[in-house]
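Please model the complete structure; the sequences and the hints are all you need to start from.
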Amino acid sequence: MMISPVTIDEKKRIKALYDYAILDTEAEKAFDDLTLLASEICETPIALISLVDPTRQWFKSTVGLDAFETERDIAFCAHAIHEHNIFEIPNALEDERFADNPLVTGAPNIRFYAGAPLVTPDGFAIGTLCAISDKPKKLNSHQLKSLEILSREVITQMELRKKVSELKKANDFTNDFLSNMSHEIRTPLNAIHGFSELLSERCNKLKFPSDIQDYVAEIDFSAKHLLSIVNSVLDLSKIESGKMELAPTWFQGHQFLKNTKNMMEGQATAKDIKLLLELDNNVPEYFYFDEGKLSQILINLISNSIKFTKQDKKITLKISYRNNDLIFNIVDEGIGITDENQNKLFNKYQQVGDNKNIEGTGLGLSITKSLVELMAGKITLTSKKDVGTTVLVTLPQPANQPSVNDIENKAKPLQKIQQLNILVVEDNAINRKLAKIILEHMGQIITFAETGELALDITKTQQFDLILMDIHMPGINGVETSHKIRENNILTPIVALTADIFEIQKDDANSFKFDDYLTKPINKKQLEHCLRRQY
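Numbering of the sequence shown is given in our numbering, commencing with residue 1 and proceeding in unit increments.
It is possible that part of the hints are untrue.
[What the hints assert, rightly or not] Ranges of calculated distance between the beta carbons of each label pair, as one might list FRET restraints:
#1 V387 <-> V283: 22 to 28 Å
#2 S222 <-> V283: 35 to 41 Å
#3 A99 <-> H142: 26 to 32 Å
#4 Q342 <-> F208: 46 to 52 Å
#5 Q534 <-> L392: 39 to 45 Å
#6 M263 <-> R322: 23 to 29 Å
#7 K433 <-> Y18: 50 to 56 Å
#8 L392 <-> G242: 24 to 30 Å
#9 A429 <-> L160: 49 to 55 Å
Keep in mind the hints are simulated off the structure, nothing from the lab. Here the structure is a predicted model, which is why all the values come from computation and not from measurement. Yeah, the Cβ is synthetic: ideal placement off N, Cα and C, and Gly gets one too.
In structure tokens:
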């Protein structure tokens with residue numbers, strides 16, 4: 001028996017093989033289909049995708065052979081990787097290189113072998129696609145050509161597999177980066193926004209001069225603007241990675257639309273633009289959507305119309321209902337969009353207005369389109385230069401409206417928040433100070449823990465009604481701390497309090513099911529709603 005020598009480019013060949021990260025992986029249908037096709041075309045009972053490493057040949061896919069590897073010294077494929085073309089042995093018993101090979105003298109009793117080298121784009125033969133029979137034979141020209149084509153398809157699949165892996169790593173890297181960015185940016189934003197909000201309230205109560213109140217308002221507006229940019233980038237990443245989820249509920253739709261109009265009216269009035277709301281008579285009283293996502297869609301669209309509409313013009317939000325679909329029309333008298341730019345409008349980072357001084361990330365409409373599609377809806381646009389633009393959003397609704405009693409029971413007037421004993425686990429001193437001011441203003445009793453370790457010690461000796469848990473902390477992080485608290489049979493509700501919206505959404509074996517989530521910067525109203533949800 002002749003043992004095949006190593007290839008002249010063995011080190012580079014092995015590196016090329018390892019770069020695919022395919023050895024010792026599970027079976028994959030794409031490869032199994034190619035192996036089966038090779039067996040059918042070559043009319044052999046056995047076909048293999050064989051990859052040759054320093055000591056063995058390992059089979060990524062097999063037909064007709066109950067094995068996953070053999071030693072390299074006895075492998076036919078170890079010879080085949082030296083060839084540029086198909087390596088064919090019509091009868092192994094008549095070939096002195098293989099006549100006494102254990103794979104010939106014993107199972108699987110190889111007589112015929114044909115192996116097409118698997119050659120990488122860089123020219124390294126890392127294995128073969130081979131057809132094997134226990135009877136002598138010879139492939140015809142059609143079979144030889146087909147086997148060669150299939151071998152190239154194997155490499156194509158390996159390249160695709162490699163690309164998918166690289167893209168996943170890049171996506172994971174991006175998510176990690178955005179996760180860190182989320183934390184690093186939202187943490188100081190939490191302080192800026194929170195304290196400016198408190199300062200604004202104090203200025204109003206103490207009747208500070210109007211110019212000082214304006215300064216405070218500018219600080220708060222700038223913090224909110226920066227937060228909206230951060231949220232746009234993070235929302236887009238969540239949508240693209242499939243992590244954006246919907247939480248639809250029934251809510252009072254007419255009041256929601258009035259609130260939305262009122263919210264945007266200040267922005268419109270600042271440009272002397274008239275903002276109108278028109279509801280058809282048949283628009284149902286209650287809507288069934290993720291209210292926050294619908295609000296985001298309408299605010300994005302109205303805000304965009306305001307940006308590109310000049311003063312003394314009007315924007316109309318028209319709502320109609322047809323065939324169980326709610327139809328939202330945002331009609332403006334703005335500068336309009338050319339046909340060419342209409343095709344680009346919903347692309348990421350795309351701003352199509354002529355005025356490049358208009359602020360924005362170019363993400364708003366891209367995110368809007370993605371949210372509409374996530375809600376099983378459609379969005380279309382018609383526009384005429386210097387005349388205006390109409391954006392039409394169609395969203396499906398359940399056929400049946402809920403009973404009034406069901407809605408009213410869920411919408412009872414908010415009662416005063418009861419006094420709770422709250423443990424706040426937060427490593428940032430500024431955030432602790434802000435939380436103290438807000439919670440004490442609500443009449444709550446607060447205890448602080450700067451680390452997860454300290455939180456574990458405190459919860460062993462004191463009882464709390466609620467725990468607000470920061471996620472990113474030195475030492476034991478918030479998820480680990482929460483796990484350990486539960487392991488100590490403490491059932492106190494735990495609310496994730498974090499600047500990192502990605503970390504708390506991970507769905508893996510190490511995740512913790514928090515009772516609720518609060519994302520920094522802390523919004524006073526959101527905190528109030530959170531406390532009410534828990535008690």
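Each hint tested on the structure:
1. V387 <-> V283: 22 to 28 Å: For V387 and V283 the Cβ distance comes to about 27 Å; the hint holds.
2. S222 <-> V283: 35 to 41 Å: 37 Å, holds
3. A99 <-> H142: 26 to 32 Å: 29 Å, holds
4. Q342 <-> F208: 46 to 52 Å: 48 Å, holds
5. Q534 <-> L392: 39 to 45 Å: 40 Å, holds
6. M263 <-> R322: 23 to 29 Å: Holds: the Cβ-Cβ distance is about 26 Å, inside 23 to 29 Å.
7. K433 <-> Y18: 50 to 56 Å: For K433 and Y18 the Cβ distance comes to about 53 Å; the hint holds.
8. L392 <-> G242: 24 to 30 Å: 26 Å, holds
9. A429 <-> L160: 49 to 55 Å: Given range 49 to 55 Å: holds, Cβ gap about 50 Å.
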